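Given chain A, put chain B with the ligand in place with the hints provided.
Each protein sequence line maps, in turn, to chains A and B.
Position one of the first sequence corresponds to residue 1 (the working numbering), numbered consecutively onward.
Position one of the second sequence corresponds to residue 1 (the working numbering), numbered consecutively onward.
The hints are simulated quantities; they were obtained by calculation from the structure and are not laboratory data.
Incorrect hints may appear among the rest.
With a cut-off of at most 20 Å between alpha-carbon atoms, the simulated SDA-like pairs for lysine to any residue come out as follows [what the hints assert, rightly or not]:
| hint | chain 1 | residue 1 | chain 2 | residue 2 |
| --- | --- | --- | --- | --- |
| 1 | A | K388 | B | R486 |
| 2 | A | K388 | B | Q100 |
| 3 | B | K219 | B | Y84 |
| 4 | A | K388 | B | G92 |
| 5 | B | K193 | B | A258 |
| 6 | A | K388 | B | K449 |
| 7 | A | K364 | A | F351 |
| 8 | A | K388 | B | G365 |
| 9 | A | K364 | B | G92 |
| 10 | A | K364 | B | Y84 |
| 11 | B | K132 | A | F351 |
| 12 | B | K449 | B | R486 |
| 13 | A | K364 | A | L427 |
| 14 | B | K132 | A | V336 |
| 15 | A | K388 | B | P283 |
If you're wondering where the values come from, they're calculated on a predicted model, not measured in any experiment.
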Amino acid sequence: MSELTDLSVPELLAGMRRGDFSAVEVTRAFLRAIECLEPSLHTLITFTPELAVRMAEEADRRYRAWRHEGSSTEAALPPLLGIPIMIKDVLCLKGVPCTCGSRILQDFVPPYTATAVQRLLDAGVVVLGKTNTDEFAMGSSTENSAFGATRNPWNPEHVPGGSSGGSASAVAARMTPAALGSDTGGSIRQPAAYCGVTGIKPTYGRVSRYGLVAYGSSLDTVGVFARSAAETALFFSLMAGHDPLDSTSAREPVPPVSLPDTPNLNGLRIGVPEEYFISGMSAEVEQAVRNAIAQMEHLGATVQNVRLPHTGYALPVYYLIAPAEASANLARYDGVRFGYRAPAERLWEMFDRTRGNGFGAEVKRRIMLGTYALSAGYYDAYYAQAQKVRTLIRQDFLDAFQQVDVIACPVAPTPAFRIGEHTDDPLAMYLEDIFTLPANLAGIPGLAFPAGFSATGLPIGMQLMSAPFREEILFHTAHAYQQVTDWHTRRPPLTP
Amino acid sequence: MVAFEAVIGLEIHAELLTRSKMFCSCPVVDSTQAEPNVAVCPICAGMPGTLPVINRQAVELALRVALALGCQIHPVSVFARKNYFYPDLPKGYQISQYEQPLAVNGILPIETESGWREIRIRRVHLEEDTGKLSHVHADGEVYSLVDLNRAGVPLLEIVSEPDLRSAQEVRAYAQTLRILLRTLQASSGDMEKGALRIEPNISVRPAGSSTLGTRVEIKNLNSFRSLERAVAYQIEVQVGKLSRGEVVEQETVGWDEAQEITFSQRSKEEAHDYRYFPEPDLPPLVVTPEWVESIRAALPELPWERQRRYVEALGLAPAEARLLVSDPALADFFDRVVGALKRAPARMAATWVTGELLARLNEQGQTLEVLRLSPEGFADLLDRTVEGQINLNTAKGVLQEMCMSGKPAVQIIAERGLEQVSDPEWIARIVAQVLRENPAELDKYRSGKSTLFNWFYGQVMRLTRGKANPQMVREELTRCLEDQVRGES
Ligand SMILES: [Zn+2]
Numbered sequence: 001m002s003e004l005t006d007l008s009v010p011e012l013l014a015g016m017r018r019g020d021f022s023a024v025e026v027t028r029a030f031l032r033a034i035e036c037l038e039p040s041l042h043t044l045i046t047f048t049p050e051l052a053v054r055m056a057e058e059a060d061r062r063y064r065a066w067r068h069e070g071s072s073t074e075a076a077l078p079p080l081l082g083i084p085i086m087i088k089d090v091l092c093l094k095g096v097p098c099t100c101g102s103r104i105l106q107d108f109v110p111p112y113t114a115t116a117v118q119r120l121l122d123a124g125v126v127v128l129g130k131t132n133t134d135e136f137a138m139g140s141s142t143e144n145s146a147f148g149a150t151r152n153p154w155n156p157e158h159v160p161g162g163s164s165g166g167s168a169s170a171v172a173a174r175m176t177p178a179a180l181g182s183d184t185g186g187s188i189r190q191p192a193a194y195c196g197v198t199g200i201k202p203t204y205g206r207v208s209r210y211g212l213v214a215y216g217s218s219l220d221t222v223g224v225f226a227r228s229a230a231e232t233a234l235f236f237s238l239m240a241g242h243d244p245l246d247s248t249s250a251r252e253p254v255p256p257v258s259l260p261d262t263p264n265l266n267g268l269r270i271g272v273p274e275e276y277f278i279s280g281m282s283a284e285v286e287q288a289v290r291n292a293i294a295q296m297e298h299l300g301a302t303v304q305n306v307r308l309p310h311t312g313y314a315l316p317v318y319y320l321i322a323p324a325e326a327s328a329n330l331a332r333y334d335g336v337r338f339g340y341r342a343p344a345e346r347l348w349e350m351f352d353r354t355r356g357n358g359f360g361a362e363v364k365r366r367i368m369l370g371t372y373a374l375s376a377g378y379y380d381a382y383y384a385q386a387q388k389v390r391t392l393i394r395q396d397f398l399d400a401f402q403q404v405d406v407i408a409c410p411v412a413p414t415p416a417f418r419i420g421e422h423t424d425d426p427l428a429m430y431l432e433d434i435f436t437l438p439a440n441l442a443g444i445p446g447l448a449f450p451a452g453f454s455a456t457g458l459p460i461g462m463q464l465m466s467a468p469f470r471e472e473i474l475f476h477t478a479h480a481y482q483q484v485t486d487w488h489t490r491r492p493p494l495t496p
Numbered sequence: 001m002v003a004f005e006a007v008i009g010l011e012i013h014a015e016l017l018t019r020s021k022m023f024c025s026c027p028v029v030d031s032t033q034a035e036p037n038v039a040v041c042p043i044c045a046g047m048p049g050t051l052p053v054i055n056r057q058a059v060e061l062a063l064r065v066a067l068a069l070g071c072q073i074h075p076v077s078v079f080a081r082k083n084y085f086y087p088d089l090p091k092g093y094q095i096s097q098y099e100q101p102l103a104v105n106g107i108l109p110i111e112t113e114s115g116w117r118e119i120r121i122r123r124v125h126l127e128e129d130t131g132k133l134s135h136v137h138a139d140g141e142v143y144s145l146v147d148l149n150r151a152g153v154p155l156l157e158i159v160s161e162p163d164l165r166s167a168q169e170v171r172a173y174a175q176t177l178r179i180l181l182r183t184l185q186a187s188s189g190d191m192e193k194g195a196l197r198i199e200p201n202i203s204v205r206p207a208g209s210s211t212l213g214t215r216v217e218i219k220n221l222n223s224f225r226s227l228e229r230a231v232a233y234q235i236e237v238q239v240g241k242l243s244r245g246e247v248v249e250q251e252t253v254g255w256d257e258a259q260e261i262t263f264s265q266r267s268k269e270e271a272h273d274y275r276y277f278p279e280p281d282l283p284p285l286v287v288t289p290e291w292v293e294s295i296r297a298a299l300p301e302l303p304w305e306r307q308r309r310y311v312e313a314l315g316l317a318p319a320e321a322r323l324l325v326s327d328p329a330l331a332d333f334f335d336r337v338v339g340a341l342k343r344a345p346a347r348m349a350a351t352w353v354t355g356e357l358l359a360r361l362n363e364q365g366q367t368l369e370v371l372r373l374s375p376e377g378f379a380d381l382l383d384r385t386v387e388g389q390i391n392l393n394t395a396k397g398v399l400q401e402m403c404m405s406g407k408p409a410v411q412i413i414a415e416r417g418l419e420q421v422s423d424p425e426w427i428a429r430i431v432a433q434v435l436r437e438n439p440a441e442l443d444k445y446r447s448g449k450s451t452l453f454n455w456f457y458g459q460v461m462r463l464t465r466g467k468a469n470p471q472m473v474r475e476e477l478t479r480c481l482e483d484q485v486r487g488e489s
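So that you can see chain A by itself, here it is in the shape it has in the complex (with noise of 0.2 Å):
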């Protein structure tokens, strides 16, 4: 039954309903895939093929229930019953390891579970496991793992993005219908570009950050992969709203995503901002993403430039703000309450050797970097000053709104480079994020899909934003351009 693995949540949702094959079924399905797969892809962290079992199980339970009483209504089941998920290993799942990629929490059980994993959990949802990630999210290529590097199931020798690169992998090669992920930078929408998935990243505040181990706090969105922007849709919707544990969670409605069946784009204004054309990007990504600009105006909508004129200074800006709220959030690490601890002999021995061999060099990068930052003397220079370049950053967007619906761009200069290629310049790696964190600066919505592939055989994604709390009109936007290309459905050589 390994054609399970290649349904659309809609259609697993059906057959389950129907009894054409059980929740369990599914499950195995997917857990072969992911026994085939996961040696050459490594996407996973904790495979957890026993609680999926179990889960598949109780989900097989209810829809029993449900036949068995003979009901017709939907309503009675849970949106996701019995469909599996994975799992960004930055979002806790009660008695579940949450190393975040990090030596310094490979023991850590959380004893509790993050919000959005839990909306999904109360939505029926079957975890696989806990996906690969660039350690403590910090890194474009899901290289700066303490537990290896995941690969891209379009080519294993090149990167899947990152960080959320192991969730990214995973659903582009079928192990998973899809896959949460966290996007402080960029994390989300560029794996997704380069796995050729669809990504969305929310409104800052959108989705709760509880039990979304921190990064950048004013920056971390909690988000999600599947194949396509319609089944993207489905999850965020569940996963969004208002959570009393998460003070900074915004208060709007969520409105139900409701997508026409027939493409159409009659009305909507998109945006093309000639920041985000820079020289030195592949030309193979400009073309693709010029092409299916084109095509959205095809179905009706209407093109503008915009201009975004401080985007050059979101690189700078971020990479001040970010690493000094990593530098107080990555401060408990300590060795004392949970997680690895090094031998030694007296305390302070401890803590210091705890965060030597507990903590990757990038992390220590930004560790350093961010302190530096916020000390005495320059905080003002640095920290404040990236504050105030970010509102200018936000209102850029804010004004491109009052004119456009939507702003159409790249994800990343490049499709997927190789492994290896940027792990000795950092700031080559900053660069593979100069499209998408202006989005985290300005907290606004991004979305990421496929829209062409490399002479190579990679994907190229493209990136949709709009005004904040309008995610509705990127996944319309997107679902429209899926009803009439098929980038969204190409399969990579690894999968089952």
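Relative to chain A, chain B with the ligand alone:
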């Protein structure tokens, strides 16, 4: 010889009397009593992925205090992370308020030897407490143990301007603030339990100078007595240095209770760089004008207002007024007694509350709450005394029994037959009997030993079991003895 003056400001941390902690739902327990780590959750243990949520009750109590101090309330205040690494601080930073505190610019009136002074309050802000470390020696090893019961308990920090000039003023300020906190039911103010922590900063300058000297901060003071002594000692040290032409180094010192000296803890070079920045996990705290007004409207009478009312409206002696106000529970009790009095004057109630009642409480180490004495019953006792139903001495005995049994005065008086008798014939009969039965004493009296009057008085009261109207006994006895003396001459 140059005269010096001390310039002192105070930083006071008060644990707020909330049910739960500042940013999580853990209960606030008495950390001097509770087993270690019984009130800890993933949030206050700083576990990864957890987030703080502001305790509304803590904000409300903080606003009560800020409004009582006449502060200006910031409609928007900002929490910040104060970063420092210490094993009792689970997150590696303390959530506090820094650039934009909850409230600023208040006044605390204090009573000094030279009258009332208004001490300016610079700021009032909210923060969370740290855990507690204890160092245990066992089996030749030293262990450091962490107790997180206190971690995350809401603290109110109240910072004064450097307006205080002496150790006595410092003590008066701290005591007045504690009375205020207790009156507002914002904090227990128990210094020995660490619910009130006072950190004075002291500098000394030539009298009349307008520049500030180098500050020395004193930490770990756990009583008003050590506060006053430590400040006095530190002033003496600094004056000594300056008069010898030495310089005062900026430092933090501790107070050695046993030796009564301060000792250096941390110099300026070792001062922390806290790397403050706005807490991204908490949106700015918005306090609406409606909220402020509803809290302001519910404020009780403030201690200094109460003290003035006692003296000016009720005619209490200043010392009595001060004593009553210093214990808000006692003053509340007194106010209810006064409210229930029908005949007895408020001054009498004050004398009884600060005299008999307080003595009774101190004697038995009890608090008002456990006493079975209602203010109305107490007022009734005073009224009966003033009406002459019982005499003063009897009343003291009745009060004692009221406290123990909870019975009303009228019942105790009836059961024990204590009602004062003012029947002149009965009193005359008893007085005559006493004089008749004690001829020897009467002779001595006649021969000039007039101090025996009180002895005769005591005999009469003994025979009447204290019930006789003392005034009438005195009058009758005086009359009879004068007769005796005149009869002799
Ligand atoms: Zn707690």
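Status of the hints after comparison with the structure:
no. : hint            : result
1   : A:K388 - B:R486 : violated (104 Å)
2   : A:K388 - B:Q100 : holds (17 Å)
3   : B:K219 - B:Y84  : holds (18 Å)
4   : A:K388 - B:G92  : violated (26 Å)
5   : B:K193 - B:A258 : holds (19 Å)
6   : A:K388 - B:K449 : violated (96 Å)
7   : A:K364 - A:F351 : holds (14 Å)
8   : A:K388 - B:G365 : violated (60 Å)
9   : A:K364 - B:G92  : holds (16 Å)
10  : A:K364 - B:Y84  : holds (17 Å)
11  : B:K132 - A:F351 : holds (18 Å)
12  : B:K449 - B:R486 : holds (15 Å)
13  : A:K364 - A:L427 : holds (15 Å)
14  : B:K132 - A:V336 : holds (14 Å)
15  : A:K388 - B:P283 : holds (17 Å)
Going through the hint list in order, the structure does not satisfy hints 1, 4, 6, 8.
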